[in-house]
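K.L.:
Go ahead and model the full structure; you've got the sequences and the hints to work with.
This is what each chain is made of:
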Amino acid sequence: MSYVPHTAADRRAMLAEIGVESVEDLFCDVPQQHRYPELSLPEPLSEIEILAELRDMSEQNADLDHFFCFLGAGAYNHFVPSVVDHVISRSEFYTAYTPYQPEVSQGTLQSIFEYQSMICALTGMDAANASHYDGATALAEAVIMALNVGRHKKKRVVLSPSIHPEYREVVRTYTQGMGLTIVGDDDPANDLQALQTLIDRDTCCVVVQNPDFFGRLSRPAETQTLADAAHAVKALLVVVADPISCGLFKPPGDYGADVVLGEGQALGNALNFGGPYLGYFACREAYARKMAGRLVGETVDSRGQRGYVMTLVAREQHIRRERATSNICTNQALNALAAGVYLAAMGKRGLRQVAELCYHKAHYAAQRIAALPGFELADDALFFKEFAVRCPLPVQTLNDELLEEWGIIGGLDLGRFYPDRAGQMLLCVTEMNSREEIDCLVEALEEIVETWEEREEEHDE
Amino acid sequence: MKIDPNCRYTESHDWIRVEGDEAIVGITDYAQNELSDIVYVELAEPGDSFEKGEAYGTVESVKAAADCYLPVGGEVVTMNETLEDSPELVNSDPFGDGWFVRIKIADPADLDGLMDAEAYKAFCEAEGGH
Numbered sequence: 001m002s003y004v005p006h007t008a009a010d011r012r013a014m015l016a017e018i019g020v021e022s023v024e025d026l027f028c029d030v031p032q033q034h035r036y037p038e039l040s041l042p043e044p045l046s047e048i049e050i051l052a053e054l055r056d057m058s059e060q061n062a063d064l065d066h067f068f069c070f071l072g073a074g075a076y077n078h079f080v081p082s083v084v085d086h087v088i089s090r091s092e093f094y095t096a097y098t099p100y101q102p103e104v105s106q107g108t109l110q111s112i113f114e115y116q117s118m119i120c121a122l123t124g125m126d127a128a129n130a131s132h133y134d135g136a137t138a139l140a141e142a143v144i145m146a147l148n149v150g151r152h153k154k155k156r157v158v159l160s161p162s163i164h165p166e167y168r169e170v171v172r173t174y175t176q177g178m179g180l181t182i183v184g185d186d187d188p189a190n191d192l193q194a195l196q197t198l199i200d201r202d203t204c205c206v207v208v209q210n211p212d213f214f215g216r217l218s219r220p221a222e223t224q225t226l227a228d229a230a231h232a233v234k235a236l237l238v239v240v241a242d243p244i245s246c247g248l249f250k251p252p253g254d255y256g257a258d259v260v261l262g263e264g265q266a267l268g269n270a271l272n273f274g275g276p277y278l279g280y281f282a283c284r285e286a287y288a289r290k291m292a293g294r295l296v297g298e299t300v301d302s303r304g305q306r307g308y309v310m311t312l313v314a315r316e317q318h319i320r321r322e323r324a325t326s327n328i329c330t331n332q333a334l335n336a337l338a339a340g341v342y343l344a345a346m347g348k349r350g351l352r353q354v355a356e357l358c359y360h361k362a363h364y365a366a367q368r369i370a371a372l373p374g375f376e377l378a379d380d381a382l383f384f385k386e387f388a389v390r391c392p393l394p395v396q397t398l399n400d401e402l403l404e405e406w407g408i409i410g411g412l413d414l415g416r417f418y419p420d421r422a423g424q425m426l427l428c429v430t431e432m433n434s435r436e437e438i439d440c441l442v443e444a445l446e447e448i449v450e451t452w453e454e455r456e457e458e459h460d461e
Numbered sequence: 462m463k464i465d466p467n468c469r470y471t472e473s474h475d476w477i478r479v480e481g482d483e484a485i486v487g488i489t490d491y492a493q494n495e496l497s498d499i500v501y502v503e504l505a506e507p508g509d510s511f512e513k514g515e516a517y518g519t520v521e522s523v524k525a526a527a528d529c530y531l532p533v534g535g536e537v538v539t540m541n542e543t544l545e546d547s548p549e550l551v552n553s554d555p556f557g558d559g560w561f562v563r564i565k566i567a568d569p570a571d572l573d574g575l576m577d578a579e580a581y582k583a584f585c586e587a588e589g590g591h
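Top to bottom, those sequences are chains A and B. Read in order, the letters of the first sequence correspond to residues 1 to 461 in our numbering. Read in order, the letters of the second sequence correspond to residues 462 to 591 in our numbering.
No lab work stands behind these hints, which were simulated from the structure alone. Treat each hint with caution, since some may be false.
If you want the ones that stay clear, here's a sample from chain B, every Cβ over 10 angstroms from chain A, calculated [to be verified]:
1) Glu-506
2) Glu-521
3) Asp-554
Across the chosen pairs, the derived CB separations fall in these ranges [unchecked claim]:
4) Val-300(A) - Glu-536(B): 31 to 37 angstroms
5) Glu-472(B) - Glu-285(A): 50 to 56 angstroms
6) Val-538(B) - Ala-270(A): 54 to 60 angstroms
7) Arg-349(A) - Asp-554(B): 52 to 58 angstroms
For every residue, glycine included, the Cβ atom is placed at its ideal position computed from N, Cα and C.
P.N.:
As structure tokens, this is what we get:
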């Protein structure tokens, strides 16, 4: 199968030119015993056999065509209208990487511009970039941007403990060596008021998530108070937000956010086994020049016709080199296109409807589960489409039973990230979960616990 | 190419005009011409102190971004706030309305090694043939 364009004569000539006898000589620096390891691979198979084997393997996956899913925690099962795949499968979009000689690709630039415009409308911000790798890296870029806005003089970052735990880890990874002091997320009890007390003159940004990792919504007025406290010391308020929630609730721009970002997968992107996703990122105009990533603008050409260009490029790494505010010059173009097509297809009313369905179905599910013996809601708070439930059995046990006996993918075991929430399951309900599915989950939970208790009693006798 | 006879110059095309124990600093006509249309100037804030030769700001044009270096050590007293909305002043009047910052000179001896107008003119001619 391998295609090697060089003839034996070519290779001899190249080896002679650099003064070695054979290709093997090129590996003389690798210790002898590691040079040609025995890989003990199975015998090669025919294409027909390989396809059969791969199909067998893929059928072991618990995919969403065959399982009910109540897992969220950052990646969400929302409906993707067929028009999304139809548009992104066009070869003009499908094959193009982020444009480096961009202005010839007006269609690509227009699609990015429209995506950015819709992200701004959704979040209540002035400028959005062409996207980041995912929600976590978008947050890391926001923290670095706040550091740059504060001219690297202010090194304190206040993080809410109810931001996605993996996002907080990525912030720490990205900002290694920058001398930041990251506070606030060490105590899971820190609410907005507690975070406010942690803001000082050395603080460059305060980050909260709304709805938070547990699905809870904060009241706009409370977040505005936190924003005012941040602004009083010239710190930025960064809000991580589920974009679907912005279709129903006030956008963060309305309650003091300077930067709004998050995971954009929920917009027209399938779960894709965890990636590729896209991080959306938007900010107030005053900070647009400090924003990482690529930015497309609309302009007019010399004949007065509308056209699209890469804008504010001098802030980017390929021009500013080592003094660029970020070394990110790339974006998740195809995923952002999917998000753009999704938003255009749904429209303001469609998106609101999706969010309302999530809200009502999640509340129906929460109400029914809370009524089961042994189960109760962990938080007394407003919530959107996710909620934490205290369970009478270990979450892992429940999830194993749900998956194996009922064909249901259960919720996240919160104890994995929050020791104080051991025994709690984070459930997610979207427009994709029918009432029958929810009722099935409730029945399953009830039966698993009953069976377990009966077994325990027998054991005791 | 304009050269102000009352200024001293650096090889990085920054100029300084001494006024008592203070001085005004900017970039030269040669520099603005090389950069072409300037779209943004980011400057240090009053109170910030810099060593001689340290970057105190960034000029961004349609084709490049360049750092500006302080010809002598000192503390920023005021900055040209009009550049925030009218960065094109750096192109139209680099020695006048397009000035960058006023500083308090830390050590007047720093001025010694700088070029005068004559020397700077020769330097530019050697460098770019303008």
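K.L.:
So, for every hint listed, does it hold in this structure?
P.N.:
Comparing the hints with the structure gives:
no.: 1; hint: Glu-506; in the structure: violated (8 angstroms)
no.: 2; hint: Glu-521; in the structure: violated (4 angstroms)
no.: 3; hint: Asp-554; in the structure: holds (22 angstroms)
no.: 4; hint: Val-300(A) - Glu-536(B): 31 to 37 angstroms; in the structure: violated (45 angstroms)
no.: 5; hint: Glu-472(B) - Glu-285(A): 50 to 56 angstroms; in the structure: violated (37 angstroms)
no.: 6; hint: Val-538(B) - Ala-270(A): 54 to 60 angstroms; in the structure: holds (58 angstroms)
no.: 7; hint: Arg-349(A) - Asp-554(B): 52 to 58 angstroms; in the structure: holds (53 angstroms)
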